[in-house]
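Asker: Take a look at the letters that make up each chain.
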Amino acid sequence: MAEQASGPIDLGVWGSVVGNLAYSNLAREIWLEAGLDPHVPTFTTILQCCTSMVAAFEAAAMLRARNNGAALAMVGGSESMSRVQIGLGANLSVWLRRLTQAKTAGRRLAALRALRLRDVRLYVPEIKNRATGKSMGEHCEEMAKTWNIGRREQDEFALESHRRAVAAQDRGGAGDLISVDGLGLDQFPSPRHLAREAGIPEAGVRSRARDDYRRKQLAADRRSRRTLGRDRRGRGPVAGQYPRVRLVDSEIAAVDLFREGLLMAPRRGDSSSRYPGTT
Amino acid sequence: MKYEDVALWEIHEAFAAQVLCNIKGLEAPDYVREKSGVAHTFGRFPAERVNPNGGSVALGHPFAATGARILSQAVARARRHGEGKSGGRERLRGRRSGHRRSPGAVMAESGSTDD
Numbered sequence: 001m002a003e004q005a006s007g008p009i010d011l012g013v014w015g016s017v018v019g020n021l022a023y024s025n026l027a028r029e030i031w032l033e034a035g036l037d038p039h040v041p042t043f044t045t046i047l048q049c050c051t052s053m054v055a056a057f058e059a060a061a062m063l064r065a066r067n068n069g070a071a072l073a074m075v076g077g078s079e080s081m082s083r084v085q086i087g088l089g090a091n092l093s094v095w096l097r098r099l100t101q102a103k104t105a106g107r108r109l110a111a112l113r114a115l116r117l118r119d120v121r122l123y124v125p126e127i128k129n130r131a132t133g134k135s136m137g138e139h140c141e142e143m144a145k146t147w148n149i150g151r152r153e154q155d156e157f158a159l160e161s162h163r164r165a166v167a168a169q170d171r172g173g174a175g176d177l178i179s180v181d182g183l184g185l186d187q188f189p190s191p192r193h194l195a196r197e198a199g200i201p202e203a204g205v206r207s208r209a210r211d212d213y214r215r216k217q218l219a220a221d222r223r224s225r226r227t228l229g230r231d232r233r234g235r236g237p238v239a240g241q242y243p244r245v246r247l248v249d250s251e252i253a254a255v256d257l258f259r260e261g262l263l264m265a266p267r268r269g270d271s272s273s274r275y276p277g278t279t
Numbered sequence: 001m002k003y004e005d006v007a008l009w010e011i012h013e014a015f016a017a018q019v020l021c022n023i024k025g026l027e028a029p030d031y032v033r034e035k036s037g038v039a040h041t042f043g044r045f046p047a048e049r050v051n052p053n054g055g056s057v058a059l060g061h062p063f064a065a066t067g068a069r070i071l072s073q074a075v076a077r078a079r080r081h082g083e084g085k086s087g088g089r090e091r092l093r094g095r096r097s098g099h100r101r102s103p104g105a106v107m108a109e110s111g112s113t114d115d
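As you go down the protein sequences, you meet chains A and B in turn. Just so you know, the working numbering puts 20 at position 20 of the first sequence, and the rest follows in order with no gaps. Just so you know, the working numbering puts 87 at position 87 of the second sequence, and the rest follows in order with no gaps.
Take a look, some chain A residues computed to stay more than 10 Å from chain B by CB distance:
no.	residue
1	ALA34
2	LEU63
3	ARG64
4	LEU88
5	ARG97
6	LEU115
7	ARG116
8	ARG121
Subject to a maximum C-alpha distance of 25 Å in a straight line, what follows is the list of computed SDA-like cross-link-like pairs (lysine to any residue):
no.	chain 1	residue 1	chain 2	residue 2
9	B	LYS35	A	GLU142
10	B	LYS2	A	VAL245
11	B	LYS35	A	ALA253
12	B	LYS24	A	GLU251
13	B	LYS24	A	THR132
14	B	LYS2	A	GLU251
15	A	LYS145	B	PRO46
16	B	LYS35	A	ALA254
17	B	LYS2	A	ALA253
18	B	LYS35	A	ARG259
19	B	LYS35	A	VAL248
20	B	LYS35	A	ILE252
21	A	LYS145	B	GLU48
22	A	LYS145	B	LYS35
23	B	LYS2	A	ALA254
24	B	LYS24	A	THR146
The hints are simulated quantities; they were obtained by calculation from the structure and are not laboratory data. As the structure is a prediction and not an experimental result, all values here were calculated from the model. C-beta: ideal position from N, C-alpha, C; glycine also.
All chains, full assembly: derive it from the sequences and hints.
Answerer: See below:
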């Protein structure tokens, strides 16, 4: 559809945070599965919550450099936290590989005997950050205490986020992005209920209400797939509609996650990249 | 440049508390000086301009897709202004433009690089 609107796509950058054993380059797999031109370079990128925004920055830099004559890129990201793949522990993986590589019955028997019970472990990806050993919710809980952010303040912010999303939908400003209904502050679960239900600290925002919104969002996604590229009057994309904005600058900075946690963003970057003419 | 020169702030809402902590940080002179190395001369932070169409708390947070959602939402809002029709069209107002043809700078931020 993008190609119909703006001509051939020259580059594809797709993001994915949680890996899968079946592939290493999700972007390439999606591209080929869609039956698109295999000559188009397509790669996957990862930078946690920033992933697909970084994908946009990477694509912008490559367009600016006219990589292989590229003038149009497609960027996005994909995630399915409910289908996270479980793998074998490192030692079990090594043992299984040696077993399958054994050429003779004797070597296979020796490999079988080499298995130690303590090596029989599965690798289950955790939400916790490997370096700090804490989840995002735990880090956020610490931040909320440090900055003296109360529960009611958080709930009011969350409610306002919902209200704005609903208002945007009513205005038609959200397109097919969301499909949500009104919600009152009294419908937010109590912090105690949240913690009990989700097994996370009070600062977590997971709730039944949010899960319900997610279900509606998925339904909206299905609808948007049917109407992708069409405006509210059902008209298809028009050649020459793009580009719509100009990316003039971007910057990526990191914080000391051991001292500041994972989510405290303000920091002055040491360098920036400018994209004159990148649209 | 002042905070209010930015007409639209799109900030990832991993948690409500996270956004509130970051806004408090942006408003705190000592914190700004420590993190940026410059004095806080940016004025009031326009919290009302943050995520005017809702954020990840309402819309969900599929890790790898959130940055594109935030960017496209900012683009869509800037585009609606760029179409420039009065009456029914949203307008982005900034006191000063970062680009001579833009209605006001747009800033999109998609959260932690570590999680």
